[in-house]
Amino acid sequence: MSSDAIDMTEPDGRRHPPGDLAIWVFILAELAAFALLFILYGVVRAKHVELFNEMQLTLDRNAGALNTVLLITASWCVARAVAAIRKGADGASARWMACGILAGVGFLVVKGFEYSDKFDAGIGLDTNLFYMFYIALTFFHFMHVVLGLLILGFLLLKTLRGGYSADDHLGMETGASYWHMVDLVWIVLFPLVYVMR
Amino acid sequence: MSASFSTSAARNIFFGGTVFFVLMFLALTYDTEQKLPQRDQRAQLANPAVAAGKRVWENNNCIGCHTLLGEGAYFAPELGNVYKRRGPDFIKAWIKSQPTGVPGRRQMPNFHLTDKELDDLVAFLKYASEINTANWPPNVEG
Amino acid sequence: MQYKSQMVAKPYFIGALVLFVAQILFGLIMGLQYVVGDFLFPHIPFNVARMVHTNALIVWLLMGFMGAAYYMVPEESECELYSPKLALIMFWIFLAAAGLTVVGYLAVPYATLAKITGNDLLPTMGREFLEQPTITKIGIVVVALAFLFNLSMTFLKGRKTSITTVMLLGLWGLAIMFLFSFVNPDNLVRDKFYWWWVVHLWVEGVWELILGAILAFVLIKITGVDREVIEKWLYVIITLSLITGLIGTGHHYFWIGTPEYWQWLGSVFSALEPVPFFAMTLFAFNMVNRRRREHPNRAATLWALGTGVMSFLGAGVWGFLHTLSPVNYYTHGTQITAAHGHMAFYGAYVMVVLTIISYAMPLMRGRAANSNASQVLEMWGFWLMTISMVFITLFLTGAGILQVWLQRVSTTPMGFMATQDQVALFYWLREGTGLVFMIGLAVYLFSFFKDGKSAA
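Protein chains in written order, with our numbering: chain A, 1 to 197; chain B, 1 to 142; chain C, 1 to 456.
A couple of the hints might just be wrong.
[Said to hold, decoys possible] Some chain C residues flagged as far from chain A (calculated, every beta-carbon gap over 10 Å):
| hint | residue |
| --- | --- |
| 1 | F178 |
| 2 | K232 |
| 3 | T411 |
[What the hints assert, rightly or not] So the derived label-pair ranges between C-beta atoms look like this:
| hint | chain 1 | residue 1 | chain 2 | residue 2 | range |
| --- | --- | --- | --- | --- | --- |
| 4 | B | E33 | C | F182 | 44 to 52 Å |
| 5 | C | H43 | B | P88 | 38 to 46 Å |
| 6 | C | L88 | A | V109 | 55 to 63 Å |
| 7 | B | Q98 | C | I439 | 51 to 59 Å |
| 8 | C | V317 | A | D168 | 23 to 31 Å |
| 9 | A | A121 | C | F182 | 56 to 64 Å |
| 10 | A | R197 | C | D421 | 49 to 57 Å |
| 11 | C | H43 | A | I39 | 37 to 45 Å |
| 12 | C | T411 | A | A46 | 22 to 30 Å |
| 13 | C | W380 | B | P88 | 33 to 41 Å |
FYI, nobody ran anything at the bench for these hints, they're computed from the structure. For glycine and all other residues, C-beta sits at the position ideal for the given N, C-alpha and C.
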């Protein structure tokens with residue numbers, strides 16, 4: 001998990017897994033749902049390789065790549081924010097968190113353009129099997145980004161109010177773990193749906 | 001494992017997760033409502049006999065023995081496709097001739113339906129048989 | 001028992017058990033009609049017996065939930081119930097409404113009942129599980145509102161625990177989702193779509209909150225494990241239930257005219273629905289293993305563990321068996337569904353209500369637990385009923401597999417009735433096991449009258 005990187009930089013007082021255990025149950029459940037959808041995607045694709053290859057070309061791969069960069073950046077910023085709060089630097093933590101949120105919002109904007117293109121072309125869940133998966137997977141993920149951003153926004157507000165410190169930042173680790181899950185899912189989703197031939 | 005695990009975190013995740021999935025479900029419901037006109041044969045509802053037939057269906061608790069599109073009791077045949085399996089005349093004649101009174105066999109009551117009620121019911125069953133059910137049932141036997 | 005007003009739970013539990021007996025009796029009638037088709041015809045046609053069987057089940061489970069809530073909420077809130085009198089009045093109204101409805105089902109043809117209760121003004125009747133006359137449905141809403149008002153006021157004035165929060169959320173959800181029983185569009189697809197909002201979002205949604213809360217309450221009491229530990233696991237389990245169960249509704253949207261993407265979404269999310277049930281099993285066993293005291297009520301412990309195991313088998317395993325759309329294409333609306341329905345309802349909801357009854361009844365009768373002799377009888381009832389239910393489920397599954405094979409998979413498909421004749425042996429076996437279940441129920445009920453006091 002990408003959050004391990006944080007632990008490498010902060011050997012003292014780290015937790016395994018970081019954040020509250022309850023979020024990990026939730027993360028595992030969510031990953032299980034995505035994993036099943038990915039597996040189904042693979043199985044169905046194997047049966048309809050031509051359709052999937054043809055339809056894949058209609059996707060905007062550059063937008064997808066840009067979004068991958070944005071999400072990884074966001075995850076990195078969030079990781080820096082957690083690292084900062086561990087040193088008690090709440091000002092720096094808030095700045096990193098804000099950058100993370102900005103990158104996440106950037107993802108939504110790019111994805112929004114992609115969607116409006118597709119919806120204008122009359123594409124929906126029942127256009128064909130490929131687009132059923134494309135929309136179900138990316139929209140489900142899109143909503144996770146929205147939820148993740150709400151959580152990050154809450155973390156930022158609490159940091160600004162001085163709610164986290166070097167001794168007490170469990171809440172931030174919990175929220176950050178969720179965000180990294182959202183990032184991780186995209187890192188699997190992007191190559192699977194946009195790139196793999 | 002030195003993990004911390006608090007009731008308040010678990011509670012927040014419960015509320016957050018639930019709201020999230022409720023919203024996802026509502027979004028899917030919205031999309032379904034948009035797509036339904038292509039599948040649910042709603043144009044047929046312009047014929048008042050269909051709705052009247054649904055009342056006959058409901059007021060005699062047909063679902064208490066039969067299934068309709070696979071839902072109901074499993075005591076008597078599927079009727080979602082009975083219009084295709086038997087046709088209108090057979091359906092009416094069958095309903096009128098009940099019960100068969102054959103000893104030991106399952107019995108269907110006589111509901112004393114009027115001719116209009118029978119026509120309405122058949123209109124409803126015809127409508128039901130034309131709904132796009134993704135090719136279910138697997139064969140005409142239901 | 002710490003608060004006098006908890007006693008109002010008692011009539012609810014007794015009422016529930018009386019209706020339980022009625023449910024099983026009518027179940028036996030239906031089971032026999034499966035093989036001796038004209039049994040009791042035309043006095044009790046199958047559809048009438050089935051209405052009584054399913055509606056009695058729903059009403060007695062609701063009564064059990066209400067009794068559980070009336071017992072738990074004062075104790076958790078650490079204050080007396082807002083109005084014990086209102087609770088008792090509502091019990092009698094509920095019982096009378098249920099009784100009158102059953103009399104209506106049995107005394108006149110259903111169409112007559114629809115006519116005299118004015119179903120054409122607001123047609124809601126004649127849909128599976130929602131057969132009650134519209135006026136009964138309105139009565140249920142009134143009783144539920146009074147009940148929720150009573151409990152919410154108690155909740156607000158006292159201590160707020162996770163258990164009561166979850167319990168009340170579940171009960172409010174139950175009442176709110178029931179409002180969809182008044183939604184009955186002429187469009188059959190939309191009718192079915194929203195019908196499931198009552199049925200599925202009850203049993204695979206808000207009822208699971210109630211189930212979790214009752215189980216958590218009993219586990220705290222009988223194991224002495226820290227409330228903190230039990231409550232956080234409660235939240236985790238119900239989170240899992242709802243994130244899988246909400247979109248899991250899609251497994252009912254495969255073949256009723258809804259868009260075909262539900263086949264994918266419904267399969268994926270409902271494939272995960274066993275997870276929360278498995279978590280619940282682990283949870284129950286873990287807590288009992290970590291117990292800090294030996295509670296004298298061993299029967300209640302047995303019921304609590306049984307709920308964990310049987311709900312996982314019935315709802316989890318038997319649900320998963322036919323929830324994937326390619327499988328469900330063949331099994332939809334066959335005896336497989338009936339098999340799953342029987343074990344899931346028994347394993348999850350019947351058993352959890354019997355758990356709280358087993359725990360609370362002795363306390364309401366002035367003892368921590370019943371005498372050993374009485375508990376032994378109760379446990380005999382547990383095993384007889386539970387094992388019969390396992391076999392009922394297995395026989396129905398056998399019937400279902402054969403039915404699917406002959407009627408749906410075969411290249412020369414058999415008609416429905418011809419197929420039914422072929423599977424008659426399974427129905428006979430099911431009916432025999434049903435009789436054993438009835439004996440188990442009788443033993444269970446007899447345990448209430450067995451010199452309970454002697455050893456407490």
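Check the structure against each numbered hint from earlier and tell me which ones fail, lowest number first. 2, 4, 5, 7, 8, 9, 11, 13
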